[in-house]
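Trainee: Chains as they are written, first to last, in UniProt numbering: chain F, 1 to 263; chain X, 1 to 283.
What the hints contain is simulated information worked out from the structure, not anything from laboratory work.
A hint or two may mislead.
[Claimed, not checked] From the structure, some residues in chain X lie toward chain F, with a derived Cβ separation under 8 Å:
hint, residue
1, Leu-27
2, Ser-91
3, Ile-140
4, Ser-154
5, Ile-158
6, Leu-159
7, Ala-228
8, Ser-249
9, Phe-250
10, Leu-268
[Stated by the list, open to error] In silico negatives: residues of chain F with every beta carbon more than 10 Å from chain X:
hint, residue
11, Ala-56
12, Lys-60
13, Asp-138
[Claimed, not checked] FRET-style restraints, in silico, Cβ to Cβ:
hint, chain 1, residue 1, chain 2, residue 2, range
14, X, Gln-13, F, Gln-108, 51 to 57 Å
15, F, Val-107, X, Leu-152, 20 to 26 Å
16, X, Ala-209, F, Ala-20, 36 to 42 Å
17, F, Val-107, X, Ala-264, 22 to 28 Å
18, F, Lys-60, X, Gly-65, 47 to 53 Å
19, F, Leu-188, X, Asn-16, 29 to 35 Å
20, F, Thr-109, X, Gly-44, 31 to 37 Å
21, X, Asn-54, F, Ser-37, 46 to 52 Å
22, X, Phe-130, F, Val-107, 46 to 52 Å
Each residue gets a CB set at the ideal place from its N, CA and C atoms; glycine is no exception.
Below, each chain spelled out in residue letters.
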Amino acid sequence: MQSSAKYLTRKGWHQTAIIAIIGGTYLLGSWILNFDSLGGLIALPKAFGWLGVNFAPTPKSMNYLPQIWQKLMQTVLLAISSTMVAAVISIFVALIGSKVTGINGFVQTIVRGIASFFRNIPLVAWSMILLFSFKQSDFTGFLALLLMSIGFLIRAFMEIIEDEASETMLALKATGANYFQVIFQAVLPQILPSMLSWILYMIENNVRDATLVGILTGTGIGFLFDLYFKSFRFDASGMTVLSIIIVVIALELISNQIRKVIL
Amino acid sequence: MINTEERIIKKPQLPNTPDIKLHENSLSRMMILLVFVSLFLITGFTLTHLDTANVKIATAFKELGVTLHQMFLQPSTGSDGLAELLQGLGSSLLISVMTTIIGAVFGFFFAVMASKNLTNIYLGTGIRVFMAIVRAIPTIIWALIFSIVCGLGSTAAILGLSFHSVAYLTKAYSESIEGIDESTIESLKVTGAKFWVIVFQAIWPTIMASFVSWTFIRLEINFANAIAVGAAAGAGGIGYQLFVASGMSFDFHEVGFIVYLIIAVTFLLEFIAVKIRHFYLSR
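Chain F with its partners taken away, still in its complex shape (with noise of 0.2 Å):
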């Protein structure tokens, strides 16, 4: 038995340590890296003040509006297609692969791996490797996402099979259902609405990397953005980064529509 007074002292010390370890990192961090916290907490205003006075859309820029607006939408159906390209493949490869529909030991192992692999590889590289093969075409960015997406939907999609479906398979199991009535009749229908709702939000990721993607390897909005920051027509870039801000809220707003309606 420990007394409460010795009980707060032991927590005041684990806590003093936390805090003066993640301090320390800090400290060490700031000081190999040369970053200055007071001149980046003045910098903040000073980048606001430029922001609010070179970005800002004028009159002028409304003549960039329909090119920024037809390059969106472009990037808004690419996200969308390899994302739903990628739930496509990656519901097959989870239904191998997850724990109670999967085939084997070996080959849960394997899709795990490829997952994690497909996952954390940075999508700097996929971009790239795909821009050397591909070159400048919508189709490079559409790879790069689709390969992202499916080492993220896969890992997503076992997860859910494993927490959602397993007593509806096993109930379905005891009436002497094969394998693929079980399939098409209990673990699809009962991980639709978490698949929607996994599948919409890798969409709006996607957007939000494709300007990414669209930086390195020249399509769609990145590269417009990349384009008029880098020739400083700032109240262009500006107006692309008001159009991308709209979209995105746009499509998150959509999106929790339809998860309140389908959850």
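Chain X: place on chain F using the hints.
Mentor: Then chain X, alone, in the frame of chain F:
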């Protein structure tokens, strides 16, 4: 009169069974169907109209195979050398750790201010809307903006990444805070506890576990973002070396080596996250 057989023995009648409904027709089912169909239609439309820049797909895939073979089966340190690559990896890792610390500290305070059960509705909504806007702008654009104001380098990378981290963690933490049982806060309020006392004595201990897991999820995201920012904004770290090796010198052996290094670090981060989560959940 003797009644006919009919009247004495009642013929057994089949009970009036309703059809067993296999699928319930609800709004949610309709919605799922509708969304899936429209998403697939969009996908079909996009894929048939995709611009492939006249690249022969078969040759391109063959070329990709060669590249992947060079990357994953023959990795080498290339022209940069191991020491420089490790240094780049270290600085990327440090950038991600520091942005996560900044994100966690500021994110927690903003989350406390933004949670519905703690503050007034106007302040909460204001912070929430602001954070949604910050989150909508991709990290890479934040880094590019700051690279103009602060100059190229790790300062721009840290500031740019921190913005997104703060906004992301504010949302995550405030969702955890809103999940707290109202009675915990109420009972402390009755004793006359001040606002920050409630925060640190009731809320902090309750959300500790989810706080730790969200922070580590963000650490992994930040590491990926630090690489991306290094590549696209020239902000230093291993991302820049990855960009040079794959986009300028086309040394795919080195790309493979860098990718292996990055994968090793992400596995390490995941391992540490699992260990620490276990430690906090078991307490």
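Trainee: All hints are to be evaluated individually against the structure, with a verdict given for each.
Mentor: Each hint tested on the structure:
The criterion of a C-beta within 8 Å of any C-beta in chain F is met by X:Leu-27, whose closest approach is roughly 6 Å, and the hint holds. Below 8 Å, beta-carbon pairs count as interface contacts, and X:Ser-91 has one with chain F at about 6 Å; its hint therefore holds. At its closest, the beta carbon of X:Ile-140 sits 5 Å from a beta carbon of chain F; the interface hint therefore holds under the 8 Å criterion. About 4 Å separates the beta-carbon of X:Ser-154 from the nearest beta-carbon of chain F, less than 8 Å, and the hint is met.
For X:Ile-158, the interface hint holds, since its Cβ comes within 8 Å of a Cβ in chain F; the closest pair sits about 6 Å apart. Of the supplied interface hints, the one on X:Leu-159 holds, with its beta-carbon coming within about 5 Å of a beta-carbon of chain F, less than 8 Å. Taken as an interface hint, X:Ala-228 checks out: its beta carbon lies about 5 Å from the nearest beta carbon of chain F, inside 8 Å. Look at X:Ser-249: its Cβ only gets to about 11 Å from chain F, farther than 8 Å, so that hint breaks.
Here the hint on X:Phe-250 is kept, as its CB sits about 7 Å from the closest CB of chain F, short of 8 Å. For X:Leu-268, the interface hint is violated, the least distance from its beta-carbon to any beta-carbon of chain F being 11 Å, above 8 Å. No beta-carbon of chain X comes within 10 Å of the beta-carbon of F:Ala-56; the shortest separation is about 14 Å. The claim that F:Lys-60 is not at the interface with chain X holds, since no C-beta of that chain comes within 10 Å of its own (minimum 21 Å).
Separation of F:Asp-138 from chain X is inadequate, the least Cβ-Cβ distance of about 5 Å not exceeding the 10 Å criterion. One distance hint, 51 to 57 Å for the beta-carbon pair X:Gln-13 and F:Gln-108, holds here, with the actual separation near 53 Å. In this structure, F:Val-107 and X:Leu-152 break the distance hint of 20 to 26 Å, their C-beta atoms being roughly 47 Å apart. Separation of X:Ala-209 from F:Ala-20 is about 22 Å and departs from the stated range, judged on CB atoms against 36 to 42 Å.
With their beta carbons about 25 Å apart, F:Val-107 and X:Ala-264 fall inside the hinted range of 22 to 28 Å. For the pair F:Lys-60 and X:Gly-65, the beta carbons lie near 48 Å from each other, so the given range of 47 to 53 Å is met. Distance hint for F:Leu-188 and X:Asn-16: a CB-CB separation of about 33 Å, consistent with the stated range 29 to 35 Å. Distance hint check: the CB atoms of F:Thr-109 and X:Gly-44 are about 35 Å apart, consistent with the given range 31 to 37 Å.
At roughly 51 Å, the beta-carbon separation of X:Asn-54 and F:Ser-37 lies within the given 46 to 52 Å, and the hint holds. In this structure the hint that X:Phe-130 and F:Val-107 lie 46 to 52 Å apart at CB holds, the actual value being about 47 Å.
Violation of the numbered hints given earlier is confined to hints 8, 10, 13, 15 and 16; the remaining hints are satisfied by the structure.
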